[in-house]
Amino acid sequence: DARVTQTPRHKVTEMGQEVTMRCQPILGHNTVFWYRQTMMQGLELLAYFRNRAPLDDSGMPKDRFSAEMPDATLATLKIQPSEPRDSAVYFCASGSAGGPETQYFGPGTRLLVL
Amino acid sequence: QKEVEQDPGPLSVPEGAIVSLNCTYSNSAFQYFMWYRQYSRKGPELLMYTYSSGNKEDGRFTAQVDKSSKYISLFIRDSQPSDSATYLCAMSAVGVGTYKYIFGTGTRLKVLA
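So the sequences go chain by chain: A and B. Under my numbering, the first residue of the first sequence is numbered 605, with each subsequent residue one higher. Under my numbering, the first residue of the second sequence is numbered 3, with each subsequent residue one higher.
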């Protein structure tokens, strides 16, 4: 049963600390998405990778967020320094370039910045 | 004003009822229309996906798109307690922005046994 995995599942940190979230996409998928979900804004696209190359990161606050894919099995999202307004659930999704029917979401990382 | 609007609910219905969930949108370039189901503390999962206008049926679920009104609907027949979840609509345009899904904030549905 192929699925997207994310670690950690929960993270509590203090303002100013660095936060790193990891995602393992489904084997064979060549697209990776990072989303942030809050009650007020819903799901927002932060970054999109295809074949490990970042094609769109316009949804990310550039001064503190960064996203990378060091290899095909790992995507990372970093926040440095973290702020209370970053508290949210961060989802990774992977898919093939075929279309939305191929996109699968991970279980999310629930982040709380105090 | 948001590109995609969705009533947050909550919507409570008795088991067996027909449920109607709706979204409106403002961007006429949207051509892909999706419905996701999200259980509490889980990631969204794709339920239905349609391209352009028309209806699509899958078991108890029917998705409708009315591009002239910029309005999409998801109908759930014979609703079950297991359908209790948050339902998110999402849309994207064709071409470069195909991957850029714009999500509604979700409607929370509770089906009472």
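None of these hints come from the bench; they were simulated from the model. Quantities reported herein were computed from a predicted structural model and do not represent experimental measurements. Each hint should be verified, as a subset may be incorrect.
[Unchecked claim] Cβ-Cβ distance ranges computed for the label pairs, FRET-style:
| hint | chain 1 | residue 1 | chain 2 | residue 2 | range |
| --- | --- | --- | --- | --- | --- |
| 1 | A | GLY620 | B | ASP68 | 42 to 52 Å |
| 2 | B | ALA19 | A | ASN655 | 38 to 48 Å |
| 3 | A | THR642 | B | LYS112 | 14 to 24 Å |
| 4 | B | TYR53 | A | ARG654 | 17 to 27 Å |
| 5 | A | ALA657 | B | SER42 | 47 to 57 Å |
| 6 | A | GLY620 | B | ARG79 | 23 to 33 Å |
| 7 | B | SER42 | A | VAL616 | 14 to 24 Å |
| 8 | B | ASP68 | A | GLU648 | 21 to 31 Å |
| 9 | B | SER42 | A | ASP675 | 40 to 50 Å |
| 10 | A | GLY620 | B | ASN57 | 47 to 57 Å |
| 11 | B | TYR53 | A | ALA657 | 21 to 31 Å |
Where is the CB? At the ideal position from N, CA and C, for every residue including glycine.
Unmet hints by their number, sorted upward, for this structure: 5, 6, 9
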